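Novice: Single-letter residue listing:
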Amino acid sequence: MLEMHHVTKVYRTELVETHALRSLDLLVKAGEFVAVTGPSGSGKTTFLNIAGLLETYTGGVYKLDGEDVSNLSDNQRSRLRNQKIGFIFQSFNLIPDLNLFDNADVPLRYRGMPAAERRRRIEEALARVGLGSRMKHYPAELSGGQQQRAAIARALAGSPKLLLADEPTGNLDSQMARGVMEMLEEINQQGTTIVMVTHDPELAARAQRNVHIVDGMATDLAMEPALIHATTPIGATTV
Amino acid sequence: MEIRPIISTLGRHRTAALLIVLEIALTCAIVCNALFLIGSRVEQMTEISGVAEDEVVRVQLTGIGTDENSDALTRTDLAALRALPGVKAATVVNQLPFVSSSWNSSIKLKPNQDRPTLNATIYMAEEQFVKTLGLRLISGREFEPGEYRNFSELQGPGATTDLPVAIVTHRLAEKLFPGQNAVGKSIYVWSDKPTRIVGIVEHLVRPSLQGGPVSREDSIVLPMRTAYSVGGNYLLRTEPDRRAEVLKAATAALRANGPARIVLEKNTRTMQELRRDFYRQQRSMAWLLGGVILALLVVTALGIVGLASFWVQQRTRQIGVRRALGATRGQILRYFQTENFLLVTAGIILGMLLAFGINQLLMQKYELPRLPWYYLPVGAVALWVLGQLSVLWPARRAAAVSPAVATRSA
Amino acid sequence: MFAYYFGLALRSFRRNKVLTALMILAIALGIGASMTTLTVFHVLSGDPLPGRSAMLFHPQLDPQNKEGYVAGEEPPPQLTRFDAETLLRERKGDRQAMMTGGNVSITPQRADIAPFRVDSRYTTADMFVMFDMPLLFGHPWTAAEDEAHARVVVISKMLNQRLFAGENSVGRTVRVDKDSFTVIGVLNDWRPTPKFYDVFAQRGYDATEDVFLPFTTSRDLTMDRSGSMDCWGDNNGDRTALNATCVWIQYWVQLDSRDKVDAYRRYLTNYSDLQHASGRFQRPTNVRLRNVMQWMEFHHILPSDVTLQMWLAFGFLVVCLLNTIGLLLAKFLRRGGEIGVRRALGATRSAIFQQCMVEAGTIGLAGGALGLVFALLGLWAVRQQPVDYADLAHLNPVMLLLTFVLAIVASLLAGMLPAWRAMQITPAVQLKTQ
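Protein chains in written order, with the working numbering: chain B, 379 to 617; chain S, -15 to 394; chain C, 6 to 439.
In isolation and in its complexed conformation, chain B is listed as follows:
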């Protein structure tokens, strides 16, 4: 599903060159639930941005669902994001002007789906996260947990193959966090690949596999557990 070989990312300014990713290798198979962990500044956010096609990378190869995305135009990447990837953000990123229905509608609109189909998918997705009765509510009228569930519904409505989650429980208390995690597990069991970035070892433990990023390089914990604490932050970006 997601294949990265020697992916590098260099931020250049007049004064310094910052290597956010040195040489990232990662393979996520379809149907996996992978947690990506790492300390602040290790390159987690950069990884997520590249994986989500939000940013380009400097070197290496990245294949998403078997397709090499290196040379895609901005428009092609937008389309790919829209069709294959669902995002769940730490701060939910619901659009405050839109009610839940319209929020979930956003990616479907850009896909150009007919109205009836959009409605069906949105209602289904919202029902699935238990917010079927709150479609007309605005984000500000909901609790944090509900907002995150709404964000998950928005991601699910487009039935993405890959769900990218960025600290999905970071802004939630533990009880709500548990609910969200259960929901992600359920989604995974139904076949969606999930890559979750987190710094919380407890959360990471619930994933099938953990990948640790340190100093812009990934280490599969299943293979080299000894590297867990060997960190040297380089501070260009923080997650």
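A hint or two may mislead.
PhoX-like, lysine-lysine: derived pairs with alpha carbons at most 20 Å apart [unchecked claim]:
| hint | chain 1 | residue 1 | chain 2 | residue 2 |
| --- | --- | --- | --- | --- |
| 1 | S | K177 | C | K71 |
| 2 | B | K514 | B | K539 |
| 3 | S | K232 | S | K92 |
| 4 | S | K92 | C | K71 |
| 5 | B | K462 | B | K539 |
| 6 | S | K169 | S | K159 |
| 7 | S | K92 | S | K159 |
| 8 | C | K265 | C | K22 |
| 9 | C | K97 | S | K94 |
The hints are simulated quantities; they were obtained by calculation from the structure and are not laboratory data.
Treat the numbers as computed from the prediction; the structure is a model and nothing was measured.
Fit chains S and C to the given chain B structure using the hints.
Specialist: The following block gives chains S and C in isolation, referenced to the frame of chain B:
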């Protein structure tokens, strides 16, 4: 207040800063030119006509068909008008200030001159002309009784034009004979025989705006008695508060004298009313320009408010951090005020250049004079004040940002 | 997608009511001012006789004496009576008429109406057909009646109303000055704008005359003439006499084809040469032949205040647009977070650009509607002005449409830069707190 950090901040909001500078520049340029246009119109509207305007009234009438005895009828008309109570003097004229119809002639200084020196308007004067209009003679003399002739005598076939004497305005005398005493000098007007200037009046404007502002006082008075059939203008001089009464009495007297004639009621009014009507268009243009200036300033002020509040909102956190680091409210307030001052100043500098550019265009297309320099500081001060006033509200909001904002997570 | 963007735009307006109102107001003010002045400009610079104006020409000759001659200088705009009568007699055009303006007294037969003055035009028969003047009753006079110095008159609809209560007055008698004239026709509403056939009288926009009668008759009765008259040399005696050295006659000729125009120009040159040879013209031949639009263009009929006001209004519109650009920029960038999320959720750059442009266009539409109200108010104000074209200042359907087109185009132009900037916002994982 240090200016460098402000400029570097503005540098990072280049587009928005440039927009507001452009808006201010354009406003400045238009306001300067519009103020100047208003100024020139007000100058026109307040010009000195030379006529005792608050004492003079005009009656206009016309005969039905041609009148063979118009000279005789005019004599009896004048006699009747002069006999009216409250009338100090009365005369008949071919034309008068603030009425667009006019008589004009080219003026030469030598009989065989190829191109005329200038074109002047001709007032045909009857004995009470100077007295009725209230002209002020500043040099030379008035016409002597023997010098008046009837205009009709100059009209017949084979009649010779012989106009030995004339009175001119001070401005015209200066134009024709700069630095010299024009009294006693000769000019050529309407004929190839010389006409001697015998007197100079302080002011007397042309009837119409023909020739523009520089030609306003190119007026010559010739001792020619016209008949009412030439323009049909009777002028009467009275006390300011008896004007309405005299107008009414004069109209009645004229109707009673001689055959049926038509008094043009709409043109029968006081000199002050004629002046007001004559400059109505200028006045409304001045008001319109004033309105545009006001609207421009309001729109620009709103633009400043809008953009400044956007910046304040965008920098809320930054402001909070500054406050947390010890900046006083006053310092935050002054930061935004200084920022605004810099933007407005840039706009004004650009605006001045633009103002002169527009003025050049206007000078070419509409024969306007050059924009006097003193309009620029006026425009500049207006915009500085406007800028400071508009930024006050957003800046106060910025100053009110709590230092606690800094500790909140982004 | 358009409907979706439109819905989003409305939502965004609801969120920033004050800012939106400011932008709409700014555009509306700019559009209102521009449309008011543009309408006046359009009305005043229009074609007075659509379809015919290209065929109508005003010839010019230079009959002045040598005094003050400058080679190549524009000949006088009007003709002497002598030249006009000669050209008329020789009939080298498809139609032709000589004319001048004047004033006459009308003495109604009913004793309860006092005599009054009206504007008159002394002209020749072809004027009516050549200018396509619509007659309500009767018919124009003929060339024969011109030659016979007939006492016939064509009166305006308004004068017919005043004298004959609007009835068909053909055959009735009107007292013009001291003489009786027979009404031969009643002119229906007709007001060429500008009043091209006599541009010197009242700056070219005054109302049509109330009385039309044969030029020949007017001279018999020495009726009052008005309008510009230029004389040279020694000119005592009657300046309207056949041989007076004064120009004061307007002369119009209809020429139906290019060849005829060329032929007529040759004819004028030839005529001028002959006059020069005979010693009547002292200056070298210098003729002009302009059609209606060229004629008005040359004489700057349009009052300079009108163009000045128009440019002022456009300047104002530009300031309003700069203002709108700034506010839209602020508005779109303030929503940077939202745009970032939309981009993350798969919106292409062009989708964001379109969304912003729809929002800008919607503001333009609203600004146009309000601007229309301002323009109507503005035109109402113009009609209260003391200018002779005041009553002509009305919005026509074309200008109405133009109002909206201008408003939308202006707002789209204003939206371009902010939308382009908004489109550049990178897809984001963080919706920034505001």
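Novice: Work down the list of hints and note, for each, if the structure agrees.
Specialist: Hints and how they fare:
no.	hint	result
1	K177/S to K71/C	holds (19 Å)
2	K514/B to K539/B	violated (27 Å)
3	K232/S to K92/S	violated (43 Å)
4	K92/S to K71/C	holds (16 Å)
5	K462/B to K539/B	holds (5 Å)
6	K169/S to K159/S	holds (13 Å)
7	K92/S to K159/S	holds (12 Å)
8	K265/C to K22/C	violated (65 Å)
9	K97/C to K94/S	violated (43 Å)
Checked against the numbered hints above, the structure breaks hints 2, 3, 8, 9 and satisfies the rest.
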